[in-house]
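Residue numbers (this note's numbering), protein chains in the order written: chain A, 4 to 355; chain B, 4 to 355; chain C, 4 to 355.
Hints are computed from structural coordinates only; laboratory data are not their basis.
There may be inaccurate statements among the hints.
Identical copies go unnamed one by one, so any copy, or any two together, can satisfy a pair.
Calculated pairs, EDC-like style, for lysine to aspartate or glutamate (alpha carbon to alpha carbon, straight line, at most 20 angstroms) [as the list claims (entries may be wrong)]:
id: 1; residue 1: K338; residue 2: D139
id: 2; residue 1: K118; residue 2: E15
id: 3; residue 1: K235; residue 2: D211
id: 4; residue 1: K124; residue 2: E113
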Amino acid sequence: MATKTEPGNYFEDFTLGQQIVHATPRTVTDGDIALYTALYGSRFAACSAQTFARDLGYPRMPADSLLAFHLVFGKTVPDISLNAVANLGYAGGRFGAPVYPGDTVTTTSEVIGLKPNSSGKNGNVYVRSIGRNQDDDVVLDYIRWVMVNRREPVSEVGEASIPDLPGAVPADELVVPFDLPNGYDERMQTLAGSAHLWGDYEVGEQIDHVDGMTIEESDHMLATRLYQNTAKVHFNQFMQKDSKIGRRLIYGGHIISLARSLSFNGLANAHAIAAINAGAHCNPTFAGDTIHAWSQVLEKMELPGRSDVGALRLRTVATKDLPCSDFPYRGEDGKYLPNVVLDFDYTVLMPR
Amino acid sequence: MATKTEPGNYFEDFTLGQQIVHATPRTVTDGDIALYTALYGSRFAACSAQTFARDLGYPRMPADSLLAFHLVFGKTVPDISLNAVANLGYAGGRFGAPVYPGDTVTTTSEVIGLKPNSSGKNGNVYVRSIGRNQDDDVVLDYIRWVMVNRREPVSEVGEASIPDLPGAVPADELVVPFDLPNGYDERMQTLAGSAHLWGDYEVGEQIDHVDGMTIEESDHMLATRLYQNTAKVHFNQFMQKDSKIGRRLIYGGHIISLARSLSFNGLANAHAIAAINAGAHCNPTFAGDTIHAWSQVLEKMELPGRSDVGALRLRTVATKDLPCSDFPYRGEDGKYLPNVVLDFDYTVLMPR
Amino acid sequence: MATKTEPGNYFEDFTLGQQIVHATPRTVTDGDIALYTALYGSRFAACSAQTFARDLGYPRMPADSLLAFHLVFGKTVPDISLNAVANLGYAGGRFGAPVYPGDTVTTTSEVIGLKPNSSGKNGNVYVRSIGRNQDDDVVLDYIRWVMVNRREPVSEVGEASIPDLPGAVPADELVVPFDLPNGYDERMQTLAGSAHLWGDYEVGEQIDHVDGMTIEESDHMLATRLYQNTAKVHFNQFMQKDSKIGRRLIYGGHIISLARSLSFNGLANAHAIAAINAGAHCNPTFAGDTIHAWSQVLEKMELPGRSDVGALRLRTVATKDLPCSDFPYRGEDGKYLPNVVLDFDYTVLMPR
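Required output: the full structure, derived from the provided sequences and hints.
Below is the structure:
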C-alpha cells in the first residue's frame, strides 16, 4: 500500500533532461476572464471587448497573456517548486497562440539545468516549461529557475550544469497575434484609452503609472487558487505563523498582473505581451501592501514585414507602499531598494 | 515626448456640450453574471435562471440591470470623476435594451451643465452618459453630477449653467423588456419567491427587508475592479491612510447593488429596474459595515397598453450598522441620519 | 396589505408529507465553475478540462458535484432552515445527472419527519430535497435534518415522527456519469495527477491530505452568496457580534468543498462524488481558521456490470488549525475532538 500523497520533488529527484508532463489540464472560460478582471481591474481593450478584439484582427476576444502565464506556471508547481525556497528568475518566455475561451492548456517541462548549492541543503533547478492548447499549438514557452530544498542535506555537492540562458527574445521570434489591415484610427485609440502609439515612445523614457492597488488576503488567494497553484506559503497561515516572516506570502505572479494592470495608465495601447525576457521578485509582498508601478522603455523593435505593429521592450518595476514618481529601483550599492518588489523585463506589442 | 499618463480631467477641462467617447468597451459574459451573484447574493429569478427568463419572454437570461449600470458608470470615471470630490446625484436614468452575455457595451457622455463653486476650488459637472450595445441600442441613458476639483484654484468664478433636471421617468418612457402573454401563474410566483404582485403594493407602503450584509475590503474592490472603475479612493489604502477619513471608501454603486439584493425579501417579483429617478450617497461606507435596507412605494404606475406588467416607483434606503424595522431616514432637521448611506429613487417592473 | 417579507418557516409551520417548491431556479455557467475553482483551488481533472472530461466519456466538462450540492442546498434555506439552530445531518444523498454549464437546477423538498424537542423551544425537521435540471432529470436527491426554532415555545410537545434513515447508498444505486471504453492509460493518470487507481486503495487505509487552507471572511461569503444561500449567520456581523459566539459562522458546505479540494492530494482519481451517505459539522469554523483534512477508506465497492470504474466509500475528516498527520477524530469519550469540524461519509467513483 503505497503512500498516496504527492510530496513534491526535492532537488535530488531531478535529473538533467528529465521530461515532466504536469497534471491538471485547464480549460479557460469566460468565467476565468471575468475573475481576472475582478482581481486586477485590467482595462486593455483587446481583452475587454469582443468588438475591439475583432477590430484588431483577433477571431474573438482572447484571455490576457498573463492569465495564460499563470495557468502554465501553476501547473508546474506540484512537480517543480512545491519544495522551493525561492523563485529565482525567468528567461526566454515567448507567447504563441492566444488563449481563447474554450481552449484547454496542458503543460510540460524539461529540466535544462541543475546547480547544487554549496550549503548542501538545496540547489537551483532550471526548467523550460511549455503550455500547449488542445490543438498542440504552443501558448507559452519559458524558462524559470528555482531554488529547491534537498530531501536530505549532503556534505559533498556534485557538479553544476547551468544552461546558457537566452537574452531578450529577438524581434524575429515574437509572435504577433493581431494585425491592423485597416489601420488603427482615432476611434480605436479613443476606445483603447490613449493616442500614444509605438512611434511615440522613446528608449529610456520612464513612465510613472500613478495609481496604487492594495492587496487583501482574499484577493491573492482567490487568484492563486484560480491558477491551481498549490504552493503552501500562499494559503496556510497556520503553517506560516511559525515561519520567520510569520505571514502568508503573495504569489509573485499576482504582483506581475497587478503591475501590468496599473501600467495601463501610460501604456494603454500595449495590447499583448509577446515575451518575458527576465524577471525578479526582489522582495516579498503581503496582504495590506499597496502596489505601485513604473516602466522604462528598454528597446524599440520593428517587426519583420510589419508596418502596422511594433514591439517595445519594457522594464516594469513594482513597489510596495511607495509611489513611483521618482522611479525607485536600486540603491547605490546596486541592490534593489527594500520597497521594490518586482523587476520585470518583457516585450509588448503596440500599434504604430 | 508627451506625458503618457492620463491625469483625468479637472473642472476647467470641461466645456458645455462637450462630447466624450469613453475608453474600454466591455463585453459582458456569464463570468460577470456569476461574479455579480457571488458579490451580492442576488436572487431575482429573471437574472438567475434561463428557464425563468424565457418564461418571462426574454430571449435568454439577461444580466442584472445594475451590472449594466456599473459598467456604464465605471467607464465614465477616468474622464469625468477621477478628480471628483463627491458624487452628488443621479437623474433621468432609463434602462433600454437588456444586456445579454456576449453583448459589448460602449459608453459616451455629454457635458450638459457646469457650475463653478464659490470656493474657487472646484465645481459641479453634469453629464448625460449613454451606454450602447454592439448594435448601437441604448442600454442605459442617465444623468449624474459630480463635484470635480479645479487644477488651479481661481479667485473669480464664472457663470453657472445648470441643466433642467428631469423628474421621475414617466410611465410612457419606460422600456419593458419582458412580457407575459400566458400570464404569471402560481408556479412562476413560487419560483420567483413571492406571490405579491404589482396589485398587492400600495403607495406609501414601507417594507423592511430584514436581512443584513457585512462588507469586506476584498468584496468591494473585486466588484469595483470588475466594473473597471478606477477611482483611487476605493483601492489605495497607502494614499487613504493620510486622508481625513483614513480608510478606503466603498464605491456607492456597491451599496446600490447590496440594497437591491436585500430588497428581494419583500420585492421578489420586481424582475427588472426600468428607471433611476434620483439617488444620493448620504454617508460614506467602509469595510466592516453591515448594510440593511428598507423600501417605500412612492408611486404605482400602469404602463400604456400593458395589462400584464406594472411599474412601482420605489425609494430604497440603505443603512450601515442599523436594522431598518423602524425605517430610519431623516432626522428632525431634515438631514439624513448618520447611519443612512443611500437614498435611491428608482422604478421597477412587476407582473400584475 | 400583507407583510411582504418572508420570515422563513418555524417548526410549527411544517407538516408531515408537506411538499415545497423552492424559489430561485439557478442556471449554472462557466462563471460559476471558474468561481468554484477560485474559491477552493480544486484540481480534479474532469471538472478542470474539457479534453479530459471527454476522454472520460462525458459529453463535455461538468460542474463539480459539490457545486450542484451547494446550489440545491442553498435553495432550501429560505424555506427550511432560515430559523434553524443547527444543521444536524445528511443521509441518502445520490447524485444523478451531472450539471453542465447552461443547465438550470430547480429544487423541491418533502417533509419526511418531524421531532418536537422536549425543551418545547424547537424541533428537528427532516426533509428530502431533490434538485432537477431543465429536463426534469434528478441531479441530486438527499435527506437532511435541521433543528428549527418554534415561533412560540410550547409546554407540551406532540409526538415525534422520525423517518427511517437510509444507510450508505448501495453500489447498485450509484449513478456513474462517466465511462472508460478505452481504458485509463498512463497519460490520463499523469494528467489526473496520480497513478493510484481504485485497486490500489485498501479498506481502512488512512490518507493525510497534508495541505492546509486558511479561510477569509470574503471567501466564505462570496461562496455562500454564489449558492444564494441566505442563512443570516454567515453574512451579518452586526447581528453576530451580539451572539454567544460573536462572529460570523462559516457555511458548513464551504468546509465540505475545502476538504474535498484538499483531498485531491491522495485521491486525485476520485473524479466524481456519487453519494453522500452521512455528514456532521462537528464544530463551527470562522474566518482565520486553517482547514486540513484526512480520509479513510470505509468500503470498496464493485459496480454492477462495470469493470472500468469502482466506488470507494470514504470518511473525510476536516480540522481547524490542526494538521492531520495523526488522523485526529474522536476523543476517548467518543466525542469529536474540538478541532475536528467535519465528518463526511461519501462515495466517490474512481477508474480501476
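Copy assignment of K118 with E15, given that the CA separation must stay at most 20 angstroms = Classified as within: same-chain Cα gap 11 angstroms, cross-chain 61 angstroms, threshold 20 angstroms.
Have a look at K338 and D139 and pick one of within, between, both or neither, based on CA distance no larger than 20 angstroms.
-> Cα proximity of K338 and D139: none, with 42 angstroms in one copy and 54 angstroms across.
Given a CA cutoff of 20 angstroms, do K124 and E113 count as a within-copy pair, a between-copy pair, both, or neither? For K124 and E113, neither the intra-copy (23 angstroms) nor the inter-copy (62 angstroms) Cα distance is at most 20 angstroms.
With identical chains treated as interchangeable, where does the CA-CA distance between K235 and D211 reach 20 angstroms or less: within a copy, between copies, both, or neither? Result: close only across copies, 15 angstroms inter versus 34 angstroms intra.
Of the numbered hints given earlier, the model fails hints 1 and 4; all others are met.
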